[in-house]
Amino acid sequence: MTQPPVARESPTSHDLEMVAAQLGRDPRGAMAVAHRCPCGEVDVVQTNPRLPDGTPFPTTFYATCPRLTAAISTLESEGAMKGMEARLSDDESLAAAYRSAHEDYLARRAELGSVPEIEGISAGGMPSRVKCIHVLVAHSLAVGPGVNPLGDEAVDLLPKWWERSPCAQALAPEGE
Numbered sequence: 360m361t362q363p364p365v366a367r368e369s370p371t372s373h374d375l376e377m378v379a380a381q382l383g384r385d386p387r388g389a390m391a392v393a394h395r396c397p398c399g400e401v402d403v404v405q406t407n408p409r410l411p412d413g414t415p416f417p418t419t420f421y422a423t424c425p426r427l428t429a430a431i432s433t434l435e436s437e438g439a440m441k442g443m444e445a446r447l448s449d450d451e452s453l454a455a456a457y458r459s460a461h462e463d464y465l466a467r468r469a470e471l472g473s474v475p476e477i478e479g480i481s482a483g484g485m486p487s488r489v490k491c492i493h494v495l496v497a498h499s500l501a502v503g504p505g506v507n508p509l510g511d512e513a514v515d516l517l518p519k520w521w522e523r524s525p526c527a528q529a530l531a532p533e534g535e
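Residues 360 to 535 (the numbering used here) are what the sequence shown spells out, left to right.
Hints in this document: simulated from the structure, not taken from any laboratory. As the structure is a computational prediction, the values presented were derived from the model and not from experiment. Positions of the beta carbon are idealized from the N, C-alpha and C atoms, including for glycine. Any given hint could be a false lead.
As the list claims (entries may be wrong) - Here are the simulated DSSO-like pairs of lysine-lysine, each with C-alpha atoms no more than 30 Å apart in a straight line: (1) Lys519 - Lys441; (2) Lys490 - Lys441; (3) Lys490 - Lys519.
To be verified - Label pairs and their in silico Cβ distance ranges: (4) Ser459 - Arg384: 30 to 36 Å; (5) Pro504 - Ser436: 22 to 28 Å; (6) Lys441 - Pro411: 32 to 38 Å; (7) Arg446 - Lys519: 24 to 30 Å; (8) Gly442 - Pro475: 33 to 39 Å; (9) Glu476 - Arg523: 37 to 43 Å; (10) Ala445 - Thr371: 41 to 47 Å; (11) Asp449 - Gly413: 40 to 46 Å; (12) Ser452 - Arg387: 36 to 42 Å; (13) Ser487 - Ala466: 15 to 21 Å.
Make a model of the complete structure from these sequences and hints.
Take a look at the structure:
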């Protein structure tokens with residue numbers, strides 16, 4: 360299966376400053392901008408599978424925008440994970456597509472480097488559970504629609520998190 364490309368853009372110093380402001384800490388292992396919010400700022404980064412301190416890190420695509428992550432958290436708190444996971448048991452075609460998403464995630468991480476400690480482990484509960492919608496949404500935003508069915512579904516359920524004002528304005532220090 361040919362993978363759609365990830366929009367891998369080297370982060371600028373502004374991007375890294377924004378991600379640090381979004382996270383409230385310096386980003387660890389962020390190696391590329393994987394997706395930009397419609398406001399133009401980074402909302403998903405691609406991370407190295409091994410953090411600078413040597414710790415294995417299975418989350419290849421990491422959602423950083425606080426408005427995006429808050430919207431995803433609302434989906435999780437409303438029980439979306441349970442419903443998605445229940446459908447995996449009942450719908451074999453959905454389960455097969457979700458397993459393919461797991462394989463896609465692993466293949467994309469393997470392109471970045473081998474980390475034997477996390478070999479075969481993707482993220483978000485894939486391939487058989489739904490443990491973290493944040494990971495599924497980040498994967499879908501990074502690779503585009505049609506790869507992760509539950510990530511795509513979650514993206515479609517999200518409100519337009521960027522519409523209130525660009526995240527840069529929300530995160531700017533007072534007086535700017």
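Each hint, compared with the structure:
For the hint linking Lys519 to Lys441, the alpha-carbon distance of about 23 Å falls within 30 Å, and the restraint holds. A hinted pair counts as satisfied when its Cα atoms are at most 30 Å apart, and Lys490 with Lys441 qualifies at roughly 9 Å. Proposed proximity of Lys490 and Lys519 is supported: the alpha carbons are some 23 Å apart, at most 30 Å. Checked against the given bound of 30 to 36 Å, the beta carbons of Ser459 and Arg384, roughly 34 Å apart, stay inside it.
Roughly 25 Å separates the CB atoms of Pro504 and Ser436, a value that falls within the hinted 22 to 28 Å. Between Lys441 and Pro411 the CB atoms are about 36 Å apart, so this pair conforms to the stated range of 32 to 38 Å. Taken as a hint, the range 24 to 30 Å holds for the pair Arg446 and Lys519, whose Cβ atoms sit roughly 25 Å apart. For the hinted restraint 33 to 39 Å between Gly442 and Pro475, the CB-CB distance of approximately 35 Å keeps it satisfied.
Checking the proposed 37 to 43 Å range against Glu476 and Arg523 shows it holds: the Cβ atoms sit about 40 Å from each other. Under the hint 41 to 47 Å, the C-beta atoms of Ala445 and Thr371, about 42 Å apart, fit the expected range. Look at Asp449 against Gly413: about 41 Å separates their beta carbons, and that is inside 40 to 46 Å. Here the CB-CB span from Ser452 to Arg387 is close to 37 Å, well matched to the stated 36 to 42 Å.
Restraint check, Ser487 to Ala466: a C-beta distance of roughly 18 Å satisfies the suggested window 15 to 21 Å.
The structure agrees with every numbered hint stated previously.
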